[in-house]
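Take a look at the letters that make up each chain.
2 protein chains.
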Amino acid sequence: MAGILGAAVVAYFVRYLLRQDQGSEKVREVSEAIKEGGLAFIHREYRSLLIVVVLIAVILGVLGFVTPALGWKAAVAFIFGALCSMGAGYAGMNMALRTNGRTCAAAQEGLNQGLRVSFRGGAVMGMAVVSIGLLGLATLYFVWHKDPNFLSIIPAYGTGASLVALFARVGGGIYTKGADAGSDLVGKVEAGIPEDDPRNAAVIADFVGDNVGDVCGMGTDLLESYVETVIATMTLCGVAMAVGIVSDIKTAWHVPMLIMAGGIVASTVGCFLVRVGETVEMSALLGALRRGTLSASILTAICAFVVIYFLSNNLGPFWAVLGGLIAGVLMGESTNYFTSYAYRPTLEISEASTAGGGATIIRGFANGMMSTWPPIVFIAIAIIVAFHFASFYGVALAAVGMLSTLGVTLATDAYGPVADNSGGITTMVGLPPQVRERTDALDSLGNTTAATGKGFAIGAAAINSLGLILAYAVATGIVTPEMITTGAFPSGLSLLSGPVVVGAILGAVMPPVFCAMTMKSVGVITERIIDEVRRQWREIKGLMEGTARPEYGRCVDICTAEALKQMMAPSIMTIIIPVLVGVILGKYALAGFLIGALITGFVLAITLNNAGGSWDNAKKWIEAGHFGGKGSDAHKAGVAGDTAGDPMKDTAGPSLNIMLKLMSVISLLLAPVLVHFSGLI
Amino acid sequence: MAGILGAAVVAYFVRYLLRQDQGSEKVREVSEAIKEGGLAFIHREYRSLLIVVVLIAVILGVLGFVTPALGWKAAVAFIFGALCSMGAGYAGMNMALRTNGRTCAAAQEGLNQGLRVSFRGGAVMGMAVVSIGLLGLATLYFVWHKDPNFLSIIPAYGTGASLVALFARVGGGIYTKGADAGSDLVGKVEAGIPEDDPRNAAVIADFVGDNVGDVCGMGTDLLESYVETVIATMTLCGVAMAVGIVSDIKTAWHVPMLIMAGGIVASTVGCFLVRVGETVEMSALLGALRRGTLSASILTAICAFVVIYFLSNNLGPFWAVLGGLIAGVLMGESTNYFTSYAYRPTLEISEASTAGGGATIIRGFANGMMSTWPPIVFIAIAIIVAFHFASFYGVALAAVGMLSTLGVTLATDAYGPVADNSGGITTMVGLPPQVRERTDALDSLGNTTAATGKGFAIGAAAINSLGLILAYAVATGIVTPEMITTGAFPSGLSLLSGPVVVGAILGAVMPPVFCAMTMKSVGVITERIIDEVRRQWREIKGLMEGTARPEYGRCVDICTAEALKQMMAPSIMTIIIPVLVGVILGKYALAGFLIGALITGFVLAITLNNAGGSWDNAKKWIEAGHFGGKGSDAHKAGVAGDTAGDPMKDTAGPSLNIMLKLMSVISLLLAPVLVHFSGLI
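The listed protein sequences derive, respectively, from chains C and A. Just so you know, we're using this note's numbering here: the first sequence kicks off at -4 and counts up by one. Just so you know, we're using this note's numbering here: the second sequence kicks off at -4 and counts up by one.
A hint or two may mislead.
Treat identical chains as interchangeable: a pair holds within one or across any two.
[Said to hold, decoys possible] Below, computed lysine to any residue pairings styled on SDA-like, alpha-carbon distance capped at 25 Å: (1) K183 - G623; (2) K615 - T62; (3) K30 - V670; (4) K21 - W532; (5) K30 - R549; (6) K536 - L294; (7) K560 - R339; (8) K21 - Q103; (9) K183 - F622; (10) K536 - Y85; (11) K625 - L268.
To be clear, the hints were calculated from the coordinates, so they are not data collected in a lab.
Work the whole structure out from these sequences, hints included.
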C-alpha cells in the first residue's frame, strides 16, 4: 500500500520535474551529453550484468536438485531482485540526469526554486528505491509466503539486488573517480586550465561519473540494504517466537514490512517539508534538509510504536527499532563532524598542509582512523539495546529502524550529485555570477549531505550485514531457537574454536584486498584518460584556443569500457570466496569469516570515507583563502591529500558496503546447501 | 641452562665489541653525543615507568584481598618482569650505542669486519633478550611452581614486561619519527642541506631516535612476545592434558621452556655463522644473514622434535611448533616482497610517483592493503595445523615455534639501526668514500632486515596474542578442558551472542584510534623540532657557515620530554579500556573485545608497515636515478609518500604489536577477578 503511495509520489515528482524549464540551449546541450554518457554506461553495465544474472539463476535452479529449498523459485526471485534493483537505479539516475540542467534554469529564478528542483531530482531516487524495494518484497510475500521454503526463497531476491548493487557501486565508483582524477590531473594540474573547462575532453565523463557513481551506485546500495534488512528480520521469525515477542510467524513477518511502509509515508511528508527562503545561507539550507529528515524520523518512530503496540506481545521490539533509528542519525552527524571544515579535525588537516604533502596525509589518515570510534560506539549501543530487548530478531529490527526513513535520507543524498552537476554546467556554459553563487551554495550543501549520507550508508550496511549473518546462523542450523532459550551452543560456534578464528582472520583480509584492487583500478582509468586528453590536445587543431570542440564521447567510452573491465576481478572474488570458505572450511568457519570481514570492513570503510572527506574539505578550506589560498604550497599539499582521498572515499569505501552485504546474503542463500556438511577439512 | 649459555654469549660479544677500535676522535665525539642522548631518554623513560610500575604493583597486591590468586606474589612477579625488560632494553641499547662508532672504524678495515662488528652489536640485543627472558621465567618457575596459584602469577611477569615494552615502543616510536621527520623537513626540504649534515641541530636527535625506537623498542617488544608465548603455553597445560598430549602438568610446562632453550643454543650457532667476503655485494650480505637465521631454524626444529619425542605422548605438538616456525619465516619473506624495490609492488609505486603525490599515496596504500593476505593465510594455515594436532595448546606452541629462533632474528634486526647510525656518522664526520660505500651497503642490508624483522614481529605478536586470549578463556573458566573434550560450550561464548559481537566491534576500533593518537603525536614533535632548528639557525651566529656548532642537546631534550608526554594517553587507554570492558560488559564481551582488536590490529599493522616500507624504498629507487632521480617531481612525490609512511611503519604499526599483547595479557592477569562476575549490564 505504502509502496504504491511511494510510487505515486515518484510519479508526481517526475511530472513536476519534466515540466520545469530545461534552460538555455547551451545548458541543454551539455545536459544532453551527460545524459547520453550516463545512459550509455548503464546500458553496457546492464548487458554485462544480465550474463552474470542468468548464470547465477541457472546455478540456483540446478541447486534445486541438491536441496528442495532452492530451485526455480529461488532463481525467479533472484532475477526479480536483480530487475527491481536495475529498475530503481535506472529510474533514479535517468531522472537525476534530466534534473541537472533544469536546476541551472531554476537557480536563475531563485535559490528556493533551485533547491526544490534539485532536491526533487534526488527524491525521485530516494522514493523509487523504497517503493520499488517494498513493492517487490510485498509481491514475493503475497505470491509465495505459503510455500514451506519461503524463507529460502527471499534471500535470493536480496542476492539479486545485491549483485546489481555490486556492479553499480564498484563499476560506478571506479568510473567516477577515474574520470575525476584524470580530468583534474590533466586539466587543472598539467595544463593549468580551470575545473570544468569546456576545452578539457574529460569534463563530460567527470559529470557522468557523478551520476553513475553517486546516484545509481548509492541508490542500488541502499536498495539492497533496505530489502535485505527486511529479509534478515523475516528469516529470524523463529527467534522472535522463541523469545516470546510474537505469537505467530506471520506477525513476525508483518512487523518489519509495516514499519517500512510507515517509513515511506513519513519520508513522503519529509520530502515535501524541504523548502528555504531566498538568502544564500548555508545554515538555512542545511536546516531545510534537516527539517525533512528529522520529521520523517519522528513520524516513523510513532508509526513503529503503533505497529509494535498492536502486533507484538511486548514493547521490546520498539526499543530495538528506536535504537537503530537514533544510531543512524548520530552516525551521519559524526561523519559530518569529522569531515566538515566547520569543525576542528578538518581544520587541523588544512593547517598540516603548510608542512607539506606527507604531513597532510598523516593528519588526514589519523583523522579517518580516529573517526571510527563514535559510529562504532553508537552501533554497539544500538546492538546492546536491541539484543537485550529482542535477541537476534531485535538486532535485525534495529537495522529496520535505521533504514526505515531511507526515502528521505537517500533523497538528500542523491540531491548532492545533481547540485554538483548543475554547478559544473553553470561554469561550463558561463551563466551569470549570481546563478553560479546559488548553484555553489547548493553544491556545498550537497557535499555536506553526501558525507552524512555516506556515514549513514556504512552504518546501514554494517548493521544489515550483521542481521544477515544472524539469519545465516539460524538458516544453517548453527543456532536454533531452542539454543537461544536454553543457552547450550555447539562448540563449533565458539568464538575460540579453530575454524571460527581461522575464518575470522581470513574474512578480515577480504576488505583491505578488495579496496586495494578497486583503488588500483582507479589509477588505471586515470592514466588512460590523461593519455586521451593529451592526444586530443595534440591532434585536434584549435582546441586550446576554443575554436574546436573536444571529443567528449571518447573519454566517456574509455571510462565505460575500462570501469566494467576493472570491476570484474573484485566482484568475482566477492562472490566466490565465501562459497569456497563455506565448502572447504565449513559453515562455522564461514560464520567466523563473515564476522571477521564485517569487523575490518566496517572500520576500514569509516576510515577511508572520513579520511577522504576531510582531505577534500581541508583542500576546500585552503581554497577559500586560508593558509595561503589557491596556488600556495599548502594548497598543493591539500590537493595531494584530496587526490589520494578521492578513490578512498568514493570508490573503495562505498564499495565495501556492498561487499559485506553481498558476502553475507550469498552465505544466507547457500545456507540450505551448507547445512548438510561441515567442511572438507 | 641455555639462558646461562645465552648470557655467556652476550658477555663474549660485549667483550669483543668493547675491545674494538672506537675510531677517530671526531667519530668518538658524535658517537658519544648519540650515546648521551639515548641514555638520557632511557633514564627519563624509566623514571616515569617506575611510577606506573609501582602503582600497578600496589593494585595487584591489593587485589590479593579480592582473590587469593593475585596478591604480593603477583606484584613481585610483575615488578620482576618489568625489571627484566628494562634490563634487556638497557643492555641492548647501550651496546648498540657503543657499536655505531666502532662499526665506522671497522668498516675502514673492511666489509667483513664492518658486518661482524655491527652484527654483533645487534646480536647483544638479540641474545640479551632471549637469555634474560628465559632466565627470568626459569627463576619464577623454580621458586614458585609448587604454588597452587602459579598460573595466576606468571601472567604478572608478562604484564610487567609488556608495560615496559609499551613505553619503549610507543615512546621510542614517537621519538624516532618525530626527530626524523623534523630533521628532514627543516634540513633537506626547507634549507636544502644534505641529510645528516652537522649544521642541522636535529641530526643527533635523529640518530638517537633510531636507537630508542628500533633497538630498545623492538627488543622489549620481542622480549614481551617471547616470555608471553611461554606463559600462554604454560597456562594452557590443562588443555594439553585434556586432549591427551601430555600425561602430567609439569611436562606441559617443560615443553615450551625446553624448546626455547634449544632455540637459544641454535641462535648462538646462527650468530657465529654470519660472515661475508670483501666484495660489496648485496646478495652476499643477505646470504650471510640468511645462513645464520636458516641454520638456527633447522637446528631449533630438530631440537623441538627431540623434546617432543621424549616428553609428549604423540608428535602432534611438533607439527604445531614446525607450523609456527615456518609461518614466521614466510611472513618475513612476504614483507620483503611487498616492500623491497627488487620486486614489482614497490617499483609500481615509484612509477606512480610520476603522476604526483596523490597517486603515490594511493598506490602505496593499496599495496599495503594488498600485502595483508599472504601473512594472514600463513598464520591461518599455522593455526589450522596447530589446532588440529593439539587444540588450544597447539596454537600457543605454534607461537613458541615462531619465536624460538628470536635470538638470531632479533640480532639481524637490531643490527639495522647500528648500521644506519654508523652510515650517518660516516657522512657527518666526512670519512673516505670507500668507507661510506661499505657502511651504505651495510645500511641498505639493514633496511631489508628491518622490513623482514618487522613482518616477523607483527606475526609473532598476533599469534602470541591469540595464545594469550585462549589462555584468558581457560583462566576465566569461559572454556574448561571438559568443554573441549565434550564440545558443549556456553552460549555466552557464542560468536553471535550480543556481548561477544559488541565486544568485538568495540575491540576493533581500538587499533585505529591508537594509531591515530600515535601518528598525531609524531606530528606534534615534528613541529616542535622544526621550530627549534629554525630558532638555532636564527640565533646562533656562524652556524650555517660551519663556524659554530648547533646545540644538539636541546633537540634531544625536546624529543625526550615530548615523546614521554605524548606516550601517556595511548598507553593509559590501552591499559584501562580492557579493564573497563571486562568489568562493565563482562568476561565474554572481553573475549570478543580481544579478538576484535586482534583482527583489525593485525590487518592494520601489516598494512601500515608494508605501505610505509614500500613508500620508503620507492623513494630510494627514484633516488637511485630512476623516473627522473633526485630533485625531479617524481622524487618530490616519493618524498611525500615516504614522509607519510614513516610514522605509519615506525611508530603506529609497531606500537600496535604491544598494544594487542598488552591488552591480552592484562585480561589474562585479571582473569581471577573477572571469573567471579559476568559484567554490570
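Hints versus structure:
1. K183 - G623: both (18 Å within a copy, 22 Å between copies)
2. K615 - T62: neither (57 Å within a copy, 58 Å between copies)
3. K30 - V670: This pair counts as neither: shortest intra-copy Cα distance 47 Å, inter-copy 65 Å.
4. K21 - W532: Answer is within: at 23 Å inside a copy they meet the 25 Å cutoff, but 59 Å across does not.
5. K30 - R549: within (15 Å within a copy, 63 Å between copies)
6. K536 - L294: neither (60 Å within a copy, 73 Å between copies)
7. K560 - R339: between (41 Å within a copy, 22 Å between copies)
8. K21 - Q103: This pair counts as within: shortest intra-copy Cα distance 15 Å, inter-copy 75 Å.
9. K183 - F622: Cα proximity of K183 and F622: in one copy and across copies (20 Å, 22 Å).
10. K536 - Y85: neither (38 Å within a copy, 71 Å between copies)
11. K625 - L268: neither (38 Å within a copy, 59 Å between copies)
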